[in-house]
Amino acid sequence: MSLNAYITEETIEGGDDGPLSGKTVAVKDNISTDGVRTTCGSKMLEDYEPPYDATVVERLKDAGATIPGKANMDEFGMGTTTETSYFGATKNPVDEDHVPGGSSGGSAALVAAGDVDYALGSDTGGSIRCPAAFCGVVGIKPTYGLVSRYGLVAYANSLEQIGPIAPTVEGAAELLDVIAGPDENDGTTREDGEDSDYASAADGDVDGLTIGVPTELVDGADDRVVETFENALEDLREQGATVEEVSLPSVEYAVAAYYVIAMSEASSNLARFDGVRYGHSGGYEGNWNESFSTARSEGFGDEVKRRILLGTYALSAGYHDKYYKQAQEARAWVKQDFDDAFADVDVLASPTMPILPPELGESLDDPLKMYLADANTTPVNLANLPAISVPAGEADGLPVGLQLVGPAFGEETIINAAAALE
Amino acid sequence: MSDSVDADEVEHVADLARVDLDDDELAAFAEQFGDILAHFEALEEVPEVEAEPDLVNVMRDDEIRESLSQDEALENADDSEDGRFKGPKVS
Chain S
416 MSLNAYITEE
426 TIEGGDDGPL
436 SGKTVAVKDN
446 ISTDGVRTTC
456 GSKMLEDYEP
466 PYDATVVERL
476 KDAGATIPGK
486 ANMDEFGMGT
496 TTETSYFGAT
506 KNPVDEDHVP
516 GGSSGGSAAL
526 VAAGDVDYAL
536 GSDTGGSIRC
546 PAAFCGVVGI
556 KPTYGLVSRY
566 GLVAYANSLE
576 QIGPIAPTVE
586 GAAELLDVIA
596 GPDENDGTTR
606 EDGEDSDYAS
616 AADGDVDGLT
626 IGVPTELVDG
636 ADDRVVETFE
646 NALEDLREQG
656 ATVEEVSLPS
666 VEYAVAAYYV
676 IAMSEASSNL
686 ARFDGVRYGH
696 SGGYEGNWNE
706 SFSTARSEGF
716 GDEVKRRILL
726 GTYALSAGYH
736 DKYYKQAQEA
746 RAWVKQDFDD
756 AFADVDVLAS
766 PTMPILPPEL
776 GESLDDPLKM
786 YLADANTTPV
796 NLANLPAISV
806 PAGEADGLPV
816 GLQLVGPAFG
826 EETIINAAAA
836 LE
Chain Z
349 MSDSVDADEV
359 EHVADLARVD
369 LDDDELAAFA
379 EQFGDILAHF
389 EALEEVPEVE
399 AEPDLVNVMR
409 DDEIRESLSQ
419 DEALENADDS
429 EDGRFKGPKV
439 S
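If you read the protein sequences in the order shown, they are chains S and Z. Numbers given in the working numbering equal positions in the first sequence, counted from 1, plus 415. Numbers given in the working numbering equal positions in the second sequence, counted from 1, plus 348.
These are calculated hints, taken from the structure and not from any lab test. You may find that some hints are simply not true.
Claimed, not checked - Derived coverage of chain S by chain Z (criterion: at least 3 residues anywhere in the stretch with Cβ under 8 Å from a Cβ of chain Z; other residues may be distant):
id, segment
1, 434–448
2, 456–466
3, 473–485
4, 662–673
5, 741–752
6, 780–786
Said to hold, decoys possible - Using C-beta positions, here's what the derived DEER-type ranges look like:
id, chain 1, residue 1, chain 2, residue 2, range
7, Z, D372, S, G812, 18 to 28 Å
8, S, E428, Z, D371, 46 to 56 Å
9, S, E777, Z, D372, 42 to 52 Å
10, S, N600, Z, K437, 33 to 43 Å
11, S, D462, Z, S415, 37 to 47 Å
12, Z, D372, S, G450, 18 to 28 Å
13, S, Y699, Z, A375, 23 to 33 Å
14, Z, D427, S, S436, 16 to 26 Å
15, Z, V404, S, G812, 48 to 58 Å
16, S, D431, Z, V438, 44 to 54 Å
17, Z, D363, S, Y699, 19 to 29 Å
18, Z, A421, S, D650, 49 to 59 Å
19, S, E837, Z, S415, 37 to 47 Å
20, Z, D372, S, D612, 47 to 57 Å
Glycine included, every Cβ here is placed at the ideal spot set by N, Cα and C.
The following block holds chain Z by itself, in its conformation from the complex (with noise of 0.2 Å):
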C-alpha cells in the first residue's frame, strides 16, 4: 500500500522542520513526494541481516583545548548584542 501525502500532511512535515511553504510549493511537493516515497517503500522487501557491529564507541577525557575566541565566533551573525548572538523573541 502506497501513502499518498496531501498538501495538509507535507504543511505539517514542513512545520516541524521550521520551512515556510506557499500553497504552490506545498501542492508540487505533495505530488512529488507520493512518486518517492513509493519508491522508498520496496525497502519493506528488505530482509533481517545479521550483522555485526562494526563500529563502537571511543570516548576520551574532556579537556580545554584552544577554540574559537568570541569575536571569531560572532563574525558571522546577523546581529549580535554584548558579546552575544542576537536571535528573535523566544515567546
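In isolation and in its complexed conformation, chain S is listed as follows (with noise of 0.2 Å):
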C-alpha cells in the first residue's frame, strides 16, 4: 500500500564522506533541489525544476546524505493534514485511515514508516511539529535565524523555519547539527549553531528541571490527548523534573494573530506566480492582468486562494489596522508572556496538537475549525522560539506529541528534556 509521501522520487547522491554518509534524507517539495522538481504541493509549479540548491540541501550532500526523493506537503505548506496538496492526500502510517498532519506529511510519514532515515520539514505554524505528533516521531521547529531558509519558497518569512524529522530525538538533533549555521544568503541567518553539537546534548537528564505547563494550552484540548500527556508529566517528575502551572494568557490571541500575519506575507510572497518567469501559464490571450488571474485560478487550489484573499483583505485600506497591526500587537505580546515565563521555568511543555489525527476526508469543509487545531504550535513561531514534539504514547491507537518549548537559540536544553520521554 502507498502513502502517497512522495511527490517526486529521485535519488539525489551526496558526497562520499560526512556525518550523514550512508543516510537517507527526504526533503519536502518546497525546498528547492537543482534539476529536480519542486512542486509545493501545486499544479502552479508542477513542472518547475530549481536552477539551484538550496543551502540546506548542499549541507545535506556535503554531510553525504543521499536524498531520495521529495516529500509530499499542503500545497505551499497551507494546511494542517497534507490534504490540500495538488497531488493527493498522504497517509499516515500508523492508521492509514487518518491524516498524517501537515503540512509536512510527507516527511514525517515517510520518517514513521521507516522509508527514510531522516526528512527535512518547513514549520511555519506547525508544520513540522504537527506531522510529527500524528505520525509517532520527533520534529523540531529550529530557532527563527538558526537555519538557512535561502531556497525554501516562500509562504510566510517572518516565521518560517526549515527543521529536522527523525526516529528519534538525537537523530533529529544530528540532523539540526548539518543544516543550523549562518548562510550569507540569508541575512537573518545568525552566528549561533555554527559548529554546534545538539546530539550530545540529547541525554535525557532532567533532574532538576522545571516545567512549565501553559494552562491556556491543555484545557481546551480533547480528554484523551490530556490524559496521554498528563501521564508523560508524570514520567518526567519520576525523573527529577518539577513540573509547575504557569499563565500565558496571550495566546489566546495567538491563531488569530498567526493567520493575519501568515495570510498577510503570503499574498505579497505568492504575486510572484504570474505564469511568465515560472509556472503555470495564464496564456497570451487578453490583457497581462487577464491573463496573470487565469493562471493563478488554474495553479492554486482553494485554500491557497482562500489564504491569499483574505491576506489581502487584511491588507487592504481601511482594514490594515484592524486586523494587521493588532496582529502585530499580539505577536509582541505573545513575545513578552514567553520571555516572562522563562524568567521562572526552564522548558514549557504542552499537547504538539489538541486533538488526535483526525480521518482523512474529514477537516477540508470547515477551514476556522483546521486553523483552531494549531492553538498550541502557532505561539511558539510569533515568538521565535525553538520547540520539539516527541512522542508522549498512545491514544485510542494513535499518537500523541508532547510539545517542549525553549527559549531562544535554547536548542539544547529541549533536545535534552525530550530524549527524557524515550
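Take the two lone chains and join them into the complex the hints point to.
As C-alpha cells, then:
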C-alpha cells in the first residue's frame, strides 16, 4: 500500500564522506533541489525545476546524505493535514484511515514508515511539529535564524524555519547539527548554530529541570490527549523534574494573530506567481491582468486562494489597522509572555496538537476548525522560539505528541528534556 | 461588530489579488470569510504592548556577485524571445 508520501522519487547522491554518510534524508517539496522538480504541492509549480540548491540541500549533500526524493505537503505549506496537496493526500502509516498531519506530512510519514532515516520539513505555524506528533516521530522547529531559508519557497518569511524530522531525538539533533548555522545568502541567519553539537545534548537528564505547563494550552485539548500528556509529565516528574502551572494569557489570540500575519505575508509572497518567469502559464490572450488571473485561478487550489484573498483583505485600506496592526501587537505580547515565563522555568510543555489525527476527508469543509487545531504550535512561531515534538504515547491507537518550548537558541535544553521521554 | 462579507467584496479582493473566481467560489468564500474574520476580530481586545524592537537594519556594500546565467533564468519560463521572458500584452 502506498502512502503517497513522495511527490517526486528521484535520487540525489551526496558526497562520499560525512556525518550523514549512508543515511537517507527525504526533503519537503518546497525546498529547492537543483534540476529536480520542486512543486510545493501545487499545480502552479508542477513542472518547475530550480536552477540551484537550497543551502540546507547543499549541506545535506556535503554531509554525505542521499536524498531519495521530494516529500508530499499541503499546497505551499498551507494546511494541517497534507490534504490540500495537488498531488493527493498522504496517509498516516500508523493508521492509513487517518491524516499524517501537515503541512510536512510526507516527510513525517516517510520517517514513521521507516522508508527513510530522516527528513526535512518546514514549520511556519506547526508544520513540522504537527505531522511529527500525528505520525509518532520527533520534529524540531528551530529558533528563527538558526537555519538558512535560502531556497525555501516562501510562504510567510517572518515565521518559518526549516527543521528535522527523525525517529529519535538524537537523530533529529544530528540532522539539525548538519543544517544549522549562518549563511550569507540568508540575512536573517545568526552565528548561533555554527559548530553546534546538539546530538550530544540528547541525554535525557531532567533531574532538577523546571517544566512550566501553560494552562491555556491544555484546557481546550481532547481528553484522551490530555490524559496521555499528563502521563508523560508524571514520567518526567519521576525522573526528577519539577512541573508547575504557568499562565500565558496572550496565547488565546495566537491563532488569530498567526493567520492574519501568515496570510498577509502569503498574499505578498505569492504575488510572484504570474505564469511568466516560471509556473503555470495563463496564456497570451487578453491583457496581462487577465492572463495573470487565469494563471493563478488555474494554478492555485482552494486553500491557497483563500489565504491570498484573506491576506489581501487584511492589508487593504480601511482594514490594515484592525487586523494586521493588531496581529503585530498580539505577536509582541506573545513574545513578552514567553520571556516572562522563562524567567521562572527552563522549558514549557504542552500537548503538540489538541486533537488526535483526524480521519482522511474530515477536515476540509471547515477551514476555521482546521486553523484552530494550530492553537498550541502557532504561539512558538510568533515568538521566534525553538520547540520539539516528541512522542508521548498513544490514545485509541493513535500517536500523541508532547511539545517542549525553550528560550531563543535554547535547542540543547529542549533536546535534552525531550530525550527523557524516550 | 462583525464585518460580514458579501460576494461583491470577495470579488473586489480577488480582483486586487489577480485571482479569477467563478460565482460558486465567490459564494463559498463569502460564507467562510464571515466566520474566519469574526474570529480575527478578537484581536481588537489585544492591549498595546511596549516592546523594544529586536530587529535592526543591517546594510552592506552593493557588490557584484555570481548569479544565474540568462539561459538558467529562462529555463522555467513558458515562452521566451531573444533571451527575454515573453509575457502577455500590457495594454
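We went through each hint and held it up to the structure:
With 0 residues having a Cβ less than 8 Å from any Cβ of chain Z, the segment 434–448 of chain S misses the three-residue criterion, and the hint is violated. Residues of the segment 456–466 of chain S with a Cβ under 8 Å from some Cβ of chain Z number 4, which satisfies the need for three, so the listed coverage holds. For the segment 473–485 of chain S, the stated coverage by chain Z is not satisfied: 0 residues place a CB nearer than 8 Å to a CB of that chain, which falls below the threshold of 3. With a threshold of 8 Å between beta carbons, the proposed coverage of the segment 662–673 of chain S by chain Z holds, since 6 of its residues qualify and at least three are required.
Coverage of the segment 741–752 of chain S by chain Z holds. Counting CB-CB distances below 8 Å, 8 residues qualify, and the rule asks for three or more. Given as covered by chain Z, the segment 780–786 of chain S passes the check, having 3 residues with a CB less than 8 Å from a CB of that chain where 3 are the minimum. Checked against the given bound of 18 to 28 Å, the beta carbons of D372(Z) and G812(S), roughly 39 Å apart, lie outside it. Checked against the hint of 46 to 56 Å, the pair E428(S) and D371(Z) passes, with Cβ atoms roughly 51 Å apart.
Between E777(S) and D372(Z) the Cβ separation comes to about 23 Å, which falls outside the hinted range of 42 to 52 Å. At about 36 Å, the CB distance of N600(S) to K437(Z) agrees with the hint of 33 to 43 Å. A hinted range of 37 to 47 Å is violated for the C-beta pair D462(S) and S415(Z), which are about 23 Å apart. For D372(Z) paired with G450(S), a C-beta distance near 40 Å fails the hint of 18 to 28 Å.
Y699(S) and A375(Z) have their C-beta atoms about 31 Å apart, which keeps the hinted 23 to 33 Å range intact. At about 43 Å, the beta-carbon gap between D427(Z) and S436(S) misses the expected band of 16 to 26 Å. At about 50 Å, the beta-carbon gap between V404(Z) and G812(S) stays in the expected band of 48 to 58 Å. A C-beta distance of roughly 52 Å is found between D431(S) and V438(Z), which places it inside the suggested range of 44 to 54 Å.
A hinted range of 19 to 29 Å holds for the C-beta pair D363(Z) and Y699(S), which are about 21 Å apart. Look at A421(Z) against D650(S): about 55 Å separates their beta carbons, and that is inside 49 to 59 Å. Taking 37 to 47 Å as the suggested C-beta distance range, the pair E837(S) and S415(Z) conforms, at roughly 46 Å. Our hint of 47 to 57 Å for D372(Z) and D612(S) holds, since their Cβ atoms are close to 56 Å apart.
Checked against the numbered hints given earlier, the structure breaks hints 1, 3, 7, 9, 11, 12 and 14 and satisfies all the rest.
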